[in-house]
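Student: Which chain is which? The protein sequence lines are D and L, in order. Counting from 1, position 93 in the first sequence corresponds to residue 93 in UniProt numbering; the numbering is continuous, with no gaps. Counting from 1, position 338 in the second sequence corresponds to residue 338 in UniProt numbering; the numbering is continuous, with no gaps.
Worth flagging that the hints you see were computed from the coordinates, not collected in a lab. Check the hints yourself; a few may be wrong.
Quick list of simulated restraints, FRET-style, between CB atoms [claimed, not checked]:
#1 Lys23/D to Glu438/L: 37 to 45 Å
#2 Ala15/L to Asp88/D: 23 to 31 Å
#3 Asn20/L to Gln85/D: 40 to 48 Å
#4 Pro77/L to Pro3/D: 45 to 53 Å
#5 Asp88/D to Pro271/L: 29 to 37 Å
#6 Asp20/D to Pro415/L: 44 to 52 Å
If the Cβ cut is set under 10 Å, some of the chain D residues that face chain L in the computed set are [as the list claims (entries may be wrong)]:
#7 Thr28
#8 Asp61
#9 Leu68
#10 Leu70
#11 Asp75
Model, not experiment: these values are computed from the prediction. We treat Cβ as the ideally placed atom computed from N, Cα and C, and that holds for glycine.
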Amino acid sequence: AHPALSLALLCRGGAELLFDGVKKHQVTLPGQEEPWDIRNLLVWIKKNLLKERPELFIRGDSVRPGILVLINDADWELLGELDYQLQDQDSILFISTLHGG
Amino acid sequence: CRDCFKVFYVHKFRAVLGKNRLVFPGEKVLLAWSGGPSSSSMLWQVLEGLSQDSAKRLRFVPGVVFADEGAACGQSPEDRAKTLAEAKLVLQTVGFPWHIVALEEVFSLPPSVLRCSAREPVGTEGAYKAAVDSFLQQQHHVLGEEKQSRPCPQHPQGRAGPPTAGQTEALSRLFNSVKTLTAKEELLQTLRTHLILHVARTHGYSKVMTGDSCTRLAVKLMTSLALGRGAFLAWDTGFSDERHGDVVVVRPMREHTLKEVAFYNRLFAVPSVFTPAVDTKAPEKASIHRLMEAFILRLQAQFPSTVSTVYRTSEKLVKAPRDGCAAGTPGPRCLLCMCVLDVDTADSATAFGAQTSSQLPQTQPPVAEAEAPTVSCCHSGMGRAQHCCRMEEDPRACVMEQLCYGCRVNMKDLPSLDPLPPYILAEAQLRSQRAEAEQETQERLLEAEDGARPGATSAEQAHEDGARPGATSAEQEGADGL
Numbered sequence: 001a002h003p004a005l006s007l008a009l010l011c012r013g014g015a016e017l018l019f020d021g022v023k024k025h026q027v028t029l030p031g032q033e034e035p036w037d038i039r040n041l042l043v044w045i046k047k048n049l050l051k052e053r054p055e056l057f058i059r060g061d062s063v064r065p066g067i068l069v070l071i072n073d074a075d076w077e078l079l080g081e082l083d084y085q086l087q088d089q090d091s092i093l094f095i096s097t098l099h100g101g
Numbered sequence: 001c002r003d004c005f006k007v008f009y010v011h012k013f014r015a016v017l018g019k020n021r022l023v024f025p026g027e028k029v030l031l032a033w034s035g036g037p038s039s040s041s042m043l044w045q046v047l048e049g050l051s052q053d054s055a056k057r058l059r060f061v062p063g064v065v066f067a068d069e070g071a072a073c074g075q076s077p078e079d080r081a082k083t084l085a086e087a088k089l090v091l092q093t094v095g096f097p098w099h100i101v102a103l104e105e106v107f108s109l110p111p112s113v114l115r116c117s118a119r120e121p122v123g124t125e126g127a128y129k130a131a132v133d134s135f136l137q138q139q140h141h142v143l144g145e146e147k148q149s150r151p152c153p154q155h156p157q158g159r160a161g162p163p164t165a166g167q168t169e170a171l172s173r174l175f176n177s178v179k180t181l182t183a184k185e186e187l188l189q190t191l192r193t194h195l196i197l198h199v200a201r202t203h204g205y206s207k208v209m210t211g212d213s214c215t216r217l218a219v220k221l222m223t224s225l226a227l228g229r230g231a232f233l234a235w236d237t238g239f240s241d242e243r244h245g246d247v248v249v250v251r252p253m254r255e256h257t258l259k260e261v262a263f264y265n266r267l268f269a270v271p272s273v274f275t276p277a278v279d280t281k282a283p284e285k286a287s288i289h290r291l292m293e294a295f296i297l298r299l300q301a302q303f304p305s306t307v308s309t310v311y312r313t314s315e316k317l318v319k320a321p322r323d324g325c326a327a328g329t330p331g332p333r334c335l336l337c338m339c340v341l342d343v344d345t346a347d348s349a350t351a352f353g354a355q356t357s358s359q360l361p362q363t364q365p366p367v368a369e370a371e372a373p374t375v376s377c378c379h380s381g382m383g384r385a386q387h388c389c390r391m392e393e394d395p396r397a398c399v400m401e402q403l404c405y406g407c408r409v410n411m412k413d414l415p416s417l418d419p420l421p422p423y424i425l426a427e428a429q430l431r432s433q434r435a436e437a438e439q440e441t442q443e444r445l446l447e448a449e450d451g452a453r454p455g456a457t458s459a460e461q462a463h464e465d466g467a468r469p470g471a472t473s474a475e476q477e478g479a480d481g482l
């Protein structure tokens with residue numbers, strides 16, 4: 001079994017609108033059998049944090065195209081995207097580039 | 001790595017400005033800041049660029065304009081005030097002279113904002129180099145103190161005061177009357193452009209820089225095609241847009257993708273102010289803009305060269321004058337977007353020709369003829385013997401005839417012209433009157449030329465045949481098919 005994880009989830013660029021305007025969420029993911037990765041983090045977010053319009057944030061099992069994901073300030077594409085396994089104290093940042101200019 | 005990324009990012013910005021050689025040293029440049037990431041990044045690049053030492057320093061004189069569009073987006077006054085306060089903080093940090101304008105101010109714009117001011121053509125290679133050299137020489141003559149010091153930070157050439165409730169109400173009414181989100185977005189863009197242009201002209205800025213990124217421009221290119229603006233792609237998406245004449249719009253961020261912008265802003269703490277827009281939280285198919293954006297971004301996710309391919313295509317677009325237009329005398333311009341009109345009233349073969357002729361009374365078939373492409377409310381060649389379209393009689397048709405195809409399509413989603421700001425209708429009226437006057441003059445000249453011919457008597461006869469009140473015989477003759 002994997003222990004509980006403490007994470008900082010940040011939203012910028014308009015993404016925060018889908019979370020009631022809250023830009024930073026300090027969350028604790030419960031311990032479970034399978035390791036936590038971005039894929040099931042997104043499922044968790046959809047279930048527990050997203051206040052409205054999930055289709056504007058999540059598409060299929062990934063984020064909507066146009067939303068950047070940074071894990072500890074690094075591009076998630078370098079870290080395996082959905083398969084990246086979360087570690088304690090990680091900071092995940094979602095930046096929506098769909099807004100403004 | 002961070003440092004290499006920064007070098008790469010900054011270099012791109014400089015390179016785009018440098019290779020286009022359009023911004024002259026000492027020139028006043030207005031930075032259009034929306035608060036969003038791209039324009040904020042642009043602001044920051046300019047800030048850093050100006051404060052560097054000597055040789056590599058950017059050399060123009062910047063100002064910033066921020067347009068408060070809250071009324072069009074349905075923001076509450078409290079939210080607008082909050083956004084403005086945040087914006088001011090950033091502007092004060094940046095320290096350039098700034099101008100905050102509310103979109104409501106379009107209701108007090110003069111009709112002259114829609115006119116293209118003639119301007120000397122942009123300098124040649126040689127002129128640019130000469131300008132830079134002489135500028136540098138000047139610099140050497142100034143001992144010690146920094147000539148290019150930043151203007152006083154507390155410089156709110158800002159606002160004439162917050163907009164009145166009446167104006168806000170009028171703006172809301174205008175936007176609420178637009179039937180589709182697509183048309184709303186286009187209208188917003190049009191009004192914003194006019195407003196910024198006005199600020200630029202009023203304060204002597206000869207250039208406006210907008211923060212359009214590569215990604216946004218790729219979306220814009222495709223969207224413009226869908227909206228019927230294919231003729232103007234080069235101006236809408238190119239590096240420089242000289243349609244206004246005296247004020248040139250440049251897009252220095254056009255080689256930066258949104259992803260790069262987002263990363264840069266995050267890594268180097270570039271402040272930005274988030275403002276909701278008309279399409280915030282709108283579903284994907286709510287407007288053509290949204291749809292195109294989703295299309296491109298999705299494709300990009302699977303084919304990472306999508307955006308750059310579209311972008312490279314846009315670079316190949318050439319601004320060429322229309323065939324048949326006499327060199328040096330550009331045709332009439334669209335009332336709203338100010339591009340040279342892409343319409344050809346004589347060309348009834350095109351779908352466009354079909355559109356215009358279908359709006360006419362079916363009394364006489366459209367006559368194709370080689371007529372000078374002056375836009376005139378009085379389509380004398382089209383056989384509208386009965387009625388010359390003046391602004392009073394049919395304002396809508398009159399305005400429509402002064403618009404390009406894309407703008408006409410948008411106007412269809414605006415059921416009434418009444419809520420439009422007065423400068424638009426005033427300018428439309430002015431142009432139609434001028435066109436009619438020109439028409440009359442031309443016809444008088446022709447009549448004078450062949451005054452001795454039998455044509456003169458038929459003019460008298462035609463005058464009896466239900467000429468509209470006030471029409472002169474010359475107009476009538478002209479109306480019957482020159």
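Student: If a hint holds in the structure, say so; if it doesn't, say that too.
Tutor: Status of each hint after checking the structure:
1. At about 59 Å, the beta-carbon gap between Lys23/D and Glu438/L misses the expected band of 37 to 45 Å.
2. Checked against the given bound of 23 to 31 Å, the beta carbons of Ala15/L and Asp88/D, roughly 43 Å apart, lie outside it.
3. Between Asn20/L and Gln85/D the CB atoms are about 46 Å apart, so this pair conforms to the stated range of 40 to 48 Å.
4. Against the hinted window of 45 to 53 Å, the Cβ-Cβ separation of Pro77/L and Pro3/D comes to about 49 Å, which satisfies the hint.
5. Checking the proposed 29 to 37 Å range against Asp88/D and Pro271/L shows it holds: the Cβ atoms sit about 31 Å from each other.
6. Our hint of 44 to 52 Å for Asp20/D and Pro415/L is violated, since their Cβ atoms are close to 36 Å apart.
7. Annotation: Thr28/D was flagged as interfacial toward chain L, and the flag is violated, the nearest CB pair being 25 Å apart, outside 10 Å.
8. At its closest, the beta carbon of Asp61/D sits 13 Å from a beta carbon of chain L; the interface hint therefore is violated under the 10 Å criterion.
9. The closest approach between the C-beta of Leu68/D and any C-beta of chain L is roughly 5 Å, which is under the 10 Å cut-off, so the hint is satisfied.
10. Interface restraint check: Leu70/D against chain L, minimum CB-CB distance 7 Å, threshold 10 Å, status holds.
11. At its closest, the beta carbon of Asp75/D sits 7 Å from a beta carbon of chain L; the interface hint therefore holds under the 10 Å criterion.
In terms of the numbered hints stated before, the structure departs from hints 1, 2, 6, 7 and 8, listed from lowest to highest.
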